[in-house]
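Colleague: The chain contents come next:
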Amino acid sequence: MSCHETQELIHGYVDGELDLVRNLEMERHLRECPACAGVHDTFRALRSATSNGSLYFQAPTRLEQRVRKTLQQTAGLERRMHPIPIYRWATIAAVLVLSIATTWRFAVRREQPAAAELLAQEVVASHVRSLMASHLTDVPSSDRHTVKPWFNGKLDFSPTVEDFASRGFNLLGGRLDYLNNRAVAALVYRRRQHLLNVLIWPSREQSDEAMQSMERQGYHLVHWRKSHMTVWVVSDLNPQELGQFAELLQRGQ
Amino acid sequence: MPDQAELARFEQAVLPHLNAAYNLARWLTGNEHDAEDIVQESYLRALKFFAGFRGENSRPWLLAIVRNTCYTWRQRNRVSELSTELDEEIHGIDSGSASPETILLASAQGEAVQRALEQLPVEYREAVVLREMEGMSYREIADVAGIPVGTVMSRLARARGRLQQLLRSERPREATA
Chain A
1 MSCHETQELI
11 HGYVDGELDL
21 VRNLEMERHL
31 RECPACAGVH
41 DTFRALRSAT
51 SNGSLYFQAP
61 TRLEQRVRKT
71 LQQTAGLERR
81 MHPIPIYRWA
91 TIAAVLVLSI
101 ATTWRFAVRR
111 EQPAAAELLA
121 QEVVASHVRS
131 LMASHLTDVP
141 SSDRHTVKPW
151 FNGKLDFSPT
161 VEDFASRGFN
171 LLGGRLDYLN
181 NRAVAALVYR
191 RRQHLLNVLI
201 WPSREQSDEA
211 MQSMERQGYH
221 LVHWRKSHMT
231 VWVVSDLNPQ
241 ELGQFAELLQ
251 RGQ
Chain B
1 MPDQAELARF
11 EQAVLPHLNA
21 AYNLARWLTG
31 NEHDAEDIVQ
41 ESYLRALKFF
51 AGFRGENSRP
61 WLLAIVRNTC
71 YTWRQRNRVS
81 ELSTELDEEI
91 HGIDSGSASP
101 ETILLASAQG
111 EAVQRALEQL
121 PVEYREAVVL
131 REMEGMSYRE
141 IADVAGIPVG
151 TVMSRLARAR
161 GRLQQLLRSE
171 RPREATA
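Line by line, the protein sequences are chains A and B.
When you line the first sequence up against my numbering, it's residues 1 to 253, in that order.
When you line the second sequence up against my numbering, it's residues 1 to 177, in that order.
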């Protein structure tokens, strides 16, 4: 990365808005270039001077009372202007009962596939989120002996962390994520330009479950359950290579 | 149309952002009196639109309303300071020098920073307020201000360049005072 590019992207970097690759390039450049590092220090200092809270105007307490009162008056006034007649209430109640009943039936009947689908959607969302924000990793490291201990104390289980760099899948780091109503471990790997997210959490099910693959929104997903651990892998990588990676991962565990 | 239940839901979702609303209005109007009026008006407008609000994060949504109310107020009151110098191009940003002096200046005390921030064009000022005081992401700022994400970065870049200049020129004045 040149000094010129650095100057253009420095604010994105200071604000933590760059993607992982450019973030790493930026870090490298700042280590090597004292001039750009100085500019970086200045903007960081400026940030802390404007964000330390001393410039924040707190709303006076009377304002909250005033706003509440106006809202109350507005709501009360409009209610008086549009009273809902009794027969309308009956219609509303009937529609409500009907729709609750219908939803209930559908919910009960479709609970199983809906749960699996929901999970797949959550996995894809987690993957997309990790690519969008500059929050791909909490612990960026290619060393599994750094990544694994990082999870200690943050999760109630310890995920297996392996590097498959020799097979072309480079470990980039780990992060905490929230899926399926619980905190899960996310491991990030890279294959050429493709990023892979591996999401791991302990399962309540006793039995193992064979590998299954699917495609959602253009992303490929593979998931399985082994030794009481649920594993989901998601990436835009082609299904063949993703399958190879899943095999490696499963054998490793 | 809002009934009491709707109002309760609204209050629960939106009233916690009263400080954020006031802070933004205060920075965009420059005085407490108008800021309070604007916050009150914004909450009324928000209540009206609340039925159509589907998001989960009501803060950017509310702040967008506050911002628009502020801009309407500014137009009505003919506050037309320096929107002219706005140049959204990212090129030619003053990236500043890196001397220890500027670093010292940048960490200048509250009052000097406040004066400098008040002198910024309103579009730059709002970017700084949303980013530094509300800790919003570029995406959220873009939503509030109704501009592309790239523009958020260039506005912040220009705002910081300008702040740095202002703080640098502030220094001698303080020294002689």
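Wrong hints could be hidden among the right ones.
Covered stretches of chain B, going by a simulated chain A footprint (3 or more residues, C-beta under 8 Å) [what the hints assert, rightly or not]:
id, segment
1, 12-23
2, 33-46
3, 53-65
4, 113-122
Facing chain A, from chain B, some residues (calculated, C-beta under 8 Å) [stated by the list, open to error]:
id, residue
5, Asp3
6, Tyr71
7, Arg78
8, Gly110
9, Thr151
Please keep in mind that the hints were generated in silico from the structure rather than gathered at the bench.
Cβ coordinates follow ideal geometry from the N, Cα and C atoms, glycine included.
Colleague: For every hint, state whether the structure bears it out.
Modeller: Verification of the hints:
1. A count of 6 residues in the segment 12-23 of chain B with a Cβ less than 8 Å from any Cβ of chain A is obtained; the coverage claim is therefore met, three being the minimum.
2. Residue count for the segment 33-46 of chain B with a Cβ under 8 Å from a Cβ of chain A: 6. That meets the three needed, and the coverage hint holds.
3. For the segment 53-65 of chain B, the stated coverage by chain A is not satisfied: 0 residues place a CB nearer than 8 Å to a CB of that chain, which falls below the threshold of 3.
4. A stretch counts as covered by a chain when three or more of its residues have a beta carbon under 8 Å from one of that chain; for the segment 113-122 of chain B and chain A the count is 3, and the coverage holds.
5. The closest approach between the C-beta of aspartate 3(B) and any C-beta of chain A is roughly 6 Å, which is under the 8 Å cut-off, so the hint is satisfied.
6. The beta carbon of tyrosine 71(B) comes no nearer than 18 Å to any beta carbon in chain A, farther than 8 Å, and the hint placing it at the interface is violated.
7. For the restraint placing arginine 78(B) at the interface with chain A, the shortest Cβ-Cβ distance is roughly 24 Å, beyond the 8 Å limit, so the hint is violated.
8. Of the supplied interface hints, the one on glycine 110(B) holds, with its beta-carbon coming within about 4 Å of a beta-carbon of chain A, less than 8 Å.
9. Of the supplied interface hints, the one on threonine 151(B) is violated, with its beta-carbon coming no nearer than about 12 Å to a beta-carbon of chain A, more than 8 Å.
In this structure, the earlier hints numbered 3, 6, 7, 9 are contradicted, and the remaining ones agree with it.
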